[in-house]
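Work from the hints to combine the two standalone chains into their complex.
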Amino acid sequence: MAHYDPPKQGKASQLIDVVVLVVLTVGALFVPLWLGMAGAAKSVATPVENPTWEALGQTPAQAAKYEALGYDPASAHDLILARFDYSFSFGALLTMIAVILLYYFLILRFSEVEYREVISEKFGDK
Amino acid sequence: MTDVDITSKTMDGMGPHGTKVGLLRVLGPAHVWALGVGIVLVGEYMGWNFAVGKGGAYAALIACWFAGILYTCVAMIDSEVTSTVASAGGQYTQAKHIVGPLMAFNVGLYLVFAYTMLEAANAITAGYLFSVVATMSGHEAALDQRPFIILVIMFLAWLNYRGVLATLTFNLVITAIAFVAILVLFLATSGVVGGGIMEHAALFEGHEMPYGWIGVLAAMHFGLWYYLGIEGTTQAAEEVRSPARALPFGTLAGIMTLLIAATLTWYVCSGALPWEFLGDGVNGSVAPLFDTARLSGSNALIWLLGIGTLFATLASANGCINDASRAWFAMGRDKYLPGWFGAVHPKYRTPYRAIVFLVPIALIFALGAPLDQVITFSILSGLLGYTFMPLNIIMFRKKWPLNSIKRGYEHPFHPLPAITLLTLCAVTFFAVFLGYGTQLVAMIGFYIVVSLWFHFWRYRFVNRGAQFTMPWPKPQGY
Numbered sequence: 272m273a274h275y276d277p278p279k280q281g282k283a284s285q286l287i288d289v290v291v292l293v294v295l296t297v298g299a300l301f302v303p304l305w306l307g308m309a310g311a312a313k314s315v316a317t318p319v320e321n322p323t324w325e326a327l328g329q330t331p332a333q334a335a336k337y338e339a340l341g342y343d344p345a346s347a348h349d350l351i352l353a354r355f356d357y358s359f360s361f362g363a364l365l366t367m368i369a370v371i372l373l374y375y376f377l378i379l380r381f382s383e384v385e386y387r388e389v390i391s392e393k394f395g396d397k
Numbered sequence: 111m112t113d114v115d116i117t118s119k120t121m122d123g124m125g126p127h128g129t130k131v132g133l134l135r136v137l138g139p140a141h142v143w144a145l146g147v148g149i150v151l152v153g154e155y156m157g158w159n160f161a162v163g164k165g166g167a168y169a170a171l172i173a174c175w176f177a178g179i180l181y182t183c184v185a186m187i188d189s190e191v192t193s194t195v196a197s198a199g200g201q202y203t204q205a206k207h208i209v210g211p212l213m214a215f216n217v218g219l220y221l222v223f224a225y226t227m228l229e230a231a232n233a234i235t236a237g238y239l240f241s242v243v244a245t246m247s248g249h250e251a252a253l254d255q256r257p258f259i260i261l262v263i264m265f266l267a268w269l270n271y272r273g274v275l276a277t278l279t280f281n282l283v284i285t286a287i288a289f290v291a292i293l294v295l296f297l298a299t300s301g302v303v304g305g306g307i308m309e310h311a312a313l314f315e316g317h318e319m320p321y322g323w324i325g326v327l328a329a330m331h332f333g334l335w336y337y338l339g340i341e342g343t344t345q346a347a348e349e350v351r352s353p354a355r356a357l358p359f360g361t362l363a364g365i366m367t368l369l370i371a372a373t374l375t376w377y378v379c380s381g382a383l384p385w386e387f388l389g390d391g392v393n394g395s396v397a398p399l400f401d402t403a404r405l406s407g408s409n410a411l412i413w414l415l416g417i418g419t420l421f422a423t424l425a426s427a428n429g430c431i432n433d434a435s436r437a438w439f440a441m442g443r444d445k446y447l448p449g450w451f452g453a454v455h456p457k458y459r460t461p462y463r464a465i466v467f468l469v470p471i472a473l474i475f476a477l478g479a480p481l482d483q484v485i486t487f488s489i490l491s492g493l494l495g496y497t498f499m500p501l502n503i504i505m506f507r508k509k510w511p512l513n514s515i516k517r518g519y520e521h522p523f524h525p526l527p528a529i530t531l532l533t534l535c536a537v538t539f540f541a542v543f544l545g546y547g548t549q550l551v552a553m554i555g556f557y558i559v560v561s562l563w564f565h566f567w568r569y570r571f572v573n574r575g576a577q578f579t580m581p582w583p584k585p586q587g588y
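From first to last, the protein sequence lines stand for chains L and U.
To get our numbering, take the position in the first sequence, counting from 1, and add 271.
To get our numbering, take the position in the second sequence, counting from 1, and add 110.
The shape of chain U in the complex, shown without the other chains (with noise of 0.2 Å):
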């Protein structure tokens, strides 16, 4: 048995990796709220819409509501296995210590791109909105987005390298402005306070469903970016005070608040904007909240939503270099990958040196893709995950059933979440192939390849025994 205390506030919860300079345990429920919210909210403020261009605003709808589904089932899995496997690297390392190593070498890259990617998403956003103020307040030429997209990065970067409390505290306070934005723009459009603008009859006449039900089906691939992200809040678990209350509390409070949030996203877009314009996020509709708000015609209100969104692609893209660099870190740990990454800076106490070296990689994304190539490898990167998940907590209760470990949540209606999960990862799967199907298979190409690269050259540097750092007894059938 590994002597192992996850609460510890000197070690850093990693058994034989622990080390007098750990990562520092300062965070609250409400912290865990604004990781999982503070990364996703973003979603509400662009990248859903590409869904109405696939399938119509009613697709989107319903893709909202199962992708709804598809999330709850994520929660309530995860919650239960991070509040046992409480450690830097979240589903990584839940991997590490019920599938096996290379699925955790895969799950912990899946991390790693699926924020990079939002990471690089946020800063595209951040700059087309920097042009937009230019132009609203008069500048004739077009604004040079890229120095804009450079700074947002350097910027985030530079404030996760000096500390999680400040930068999990910034994000709370942004996210809820982001949040509240949100709920001002549905009371002031809507009708329930005031004169409202919603035009859902109107608007829809003649383009209900505008592919039919495949469309449907196609819209669930960007009905993952309503929630995309949320799972992050895992990533905190060697930094909170209490991970076994703290985690499943900020984890499901997260994606009831998304759930509302992009219900009322939804339905104040839609009844505002033509679902041709709304649907596409390139030429079209890259911000649809700001631009309904620009519709209401209240000065007010296209402040709000503007700092509202730029405020929540900050939130964003400082949560995914948060939790990107902590899987990078984790891996870099373990000898997953070189060992150089998994330092802890000594007055900081962050791991300095994956931050650094994922700010490049967010870049090449950010300067060099267009924005539905960028979110399409993010949200793939977040399926092969979440497909993931259903396999872990079904092998999680066999190896480990549930009277034989302390677990801090137990997630009711076993193994039905899990065979939802995996059946709506499925139909996800063939939503990206409509359309998508060439990035679908070079992005698992990839995986492949980087599989068979890690099983027989990597994983000679990796200590065996010592991967398995809970106190956990002997797994069953073993």
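Isolated chain L, as found in the complex (with noise of 0.2 Å):
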């Protein structure tokens, strides 16, 4: 493979590709955010009103505990009652199974085409 030289980068074209990653970093955490799609969706199923320890299911070690932690049921009550939902739709899933496949095979296969060049211009073709 002939000799390949790259082009000088300028200052202001090396700053607009910082900026780039730069917003698609705190994009990729804030977006979702912002969208209020982002995980953690733990929920209170089934309140209770005028909560008691043996209303939220505790037995008196346990709720010794929260009272030495300096909760009381009432304040206690969205600690001890929030749950996740782990319930969710097979295309749910069968599209995260293929954005990571696809994710893979894309890095693999342009990565692949580009480590024939460096080889081939570090070694000599065959």
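Possibly wrong hints are sitting among the right ones.
List time: in silico DMTMM-like cross-link candidates among lysine to aspartate or glutamate, alpha-carbon distance up to 25 Å [stated by the list, open to error]:
id: 1; chain 1: L; residue 1: Lys313; chain 2: U; residue 2: Glu318
id: 2; chain 1: U; residue 1: Lys584; chain 2: L; residue 2: Asp276
id: 3; chain 1: U; residue 1: Lys508; chain 2: L; residue 2: Glu383
id: 4; chain 1: U; residue 1: Lys508; chain 2: L; residue 2: Asp276
id: 5; chain 1: L; residue 1: Lys313; chain 2: L; residue 2: Glu338
Beyond 12 Å from chain U on every Cβ pair, some chain L residues (computed) [said to hold, decoys possible]:
id: 6; residue: Pro318
id: 7; residue: Asn321
id: 8; residue: Thr323
id: 9; residue: Ala334
By construction, these hints were calculated from the structure, which means they are not laboratory data.
None of these values were measured; they are calculated from a predicted model.
Every residue, glycine too, gets a C-beta built ideally from N, C-alpha and C.
Okay, structure coming up:
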């Protein structure tokens, strides 16, 4: 393979590249948060009115620990009853699997093309 | 063949990139241990307990051990490749030589984001700790945690800017203190020395498996947090005096230390704190070892675990800045990122531009996102990196079989660790999907977009053959 001489990148172009990466990075975390789509979907399915330790499903030993930590049944209500909802559709699961496989296929395929160029330039063709 | 001496004291070990102002080779195996354990030990002080919230206490223990198997595979594989590819950038440089440039670019970003998010999580925890101490010492109004978060990140970045030896020596001392604090808490509360406060049976009664077996799977998500970052030992490859010996020794000693610390941590916390409180790291137990000490009734333990938590967060954030900046620096040096980042400080011999640049990124996440979201993004970047490792070792052994190049360490039972690691990674992807599926898709969407950006735009600025800097023969099959 002929030796490849990369173009010299100007300062403005370098700056734009950095800005693009930072925007994409911050967006990956904050866009789901801003759109309210972030996970941790813990919620209280069945609230208890006038909660007691017994109504919250706590034994005396467990209740004693909560009291030692400074809680009473009312303040511990959400903490104790909030649960994740692990129900999911197979469509969503298949989408996730497809996205992960697509991602690895993409990077392995493109990497192989680039790697052959590297090896060819470094060691020469067969 | 490239003229490279990975133990040179005057060159930076990167062949064509080598300059007289390379990174200093001053670290020993203890520093490698401190770098690995220092980053990770904070995982025992905070964050792991979200695994209890996702599946209950038993699920968190099972996740702890399965994650331990996952990381043992990581350490075995990493030790073999790193003892051969001893260069700053760690897995990034491995990917560049073994899989290809785009994979390397992705791995570099995994490292930077896993560590920068972990650094942000540490700063959040340190801020929380300062607010608790203020409350305990009589401060009535809620303390604004933001100045402490900023101070922690700025101070540690400054320390990293000044030099690696002082930074990692500082880590060695505070990591050792934080580890001893866990041992002391275990001895004092488990009944081994004096009266214990453990009530596992009473606290688990009626709540053994609150989500059933799917909760055990879901708990693997945060089970990784017990150990996440141990692979960072490889980042010091260009700064250790004897890479082939110090890196495998420091990494494997580190994983053993963490397996012990993780199990002790689960034991004391789950025996003292109710699972719903323990499992909610945002509204419940932000710092579970510290909370366990509070329930012990001993002021000495409260102070010790408070200091231990603070030291663990500082050691971790310190190591994260060290590792993230090395990966960013290495990518800049190869022009995967603007070459401006590939500079070494003429006096302190540190990658100072990368260190400074990553400070505001860490601050954005530390000040703007909840702890569990920050941790999830760190875990996801780590998980993508662990999924790369089995592919990496399989290709490494195929392209350079055992007798073709000299390895500092050869891991046994190949390909069993690679297959085990790949299987556990698949389970963990499913665990993240349970409850945090949106972040998973958003994160992978991000990596797909930046991969296309790299392949179709950025890669034009990269030298082709000069990326391959190891003194190895041509890979088989090319």
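Hint check:
1. Lys313(L) with Glu318(U): 19 Å, holds
2. Lys584(U) with Asp276(L): 22 Å, holds
3. Lys508(U) with Glu383(L): 15 Å, holds
4. Lys508(U) with Asp276(L): Violated, at roughly 30 Å.
5. Lys313(L) with Glu338(L): Measuring from Cα to Cα gives roughly 23 Å; hence the hint holds.
6. Pro318: Since the minimum Cβ distance to chain U is about 15 Å, Pro318(L) lies beyond 12 Å and the statement holds.
7. Asn321: 19 Å, holds
8. Thr323: Given that every Cβ of chain U is farther than 12 Å from that of Thr323(L), nearest at about 15 Å, it holds.
9. Ala334: Given a closest Cβ separation of 9 Å, the condition is violated.
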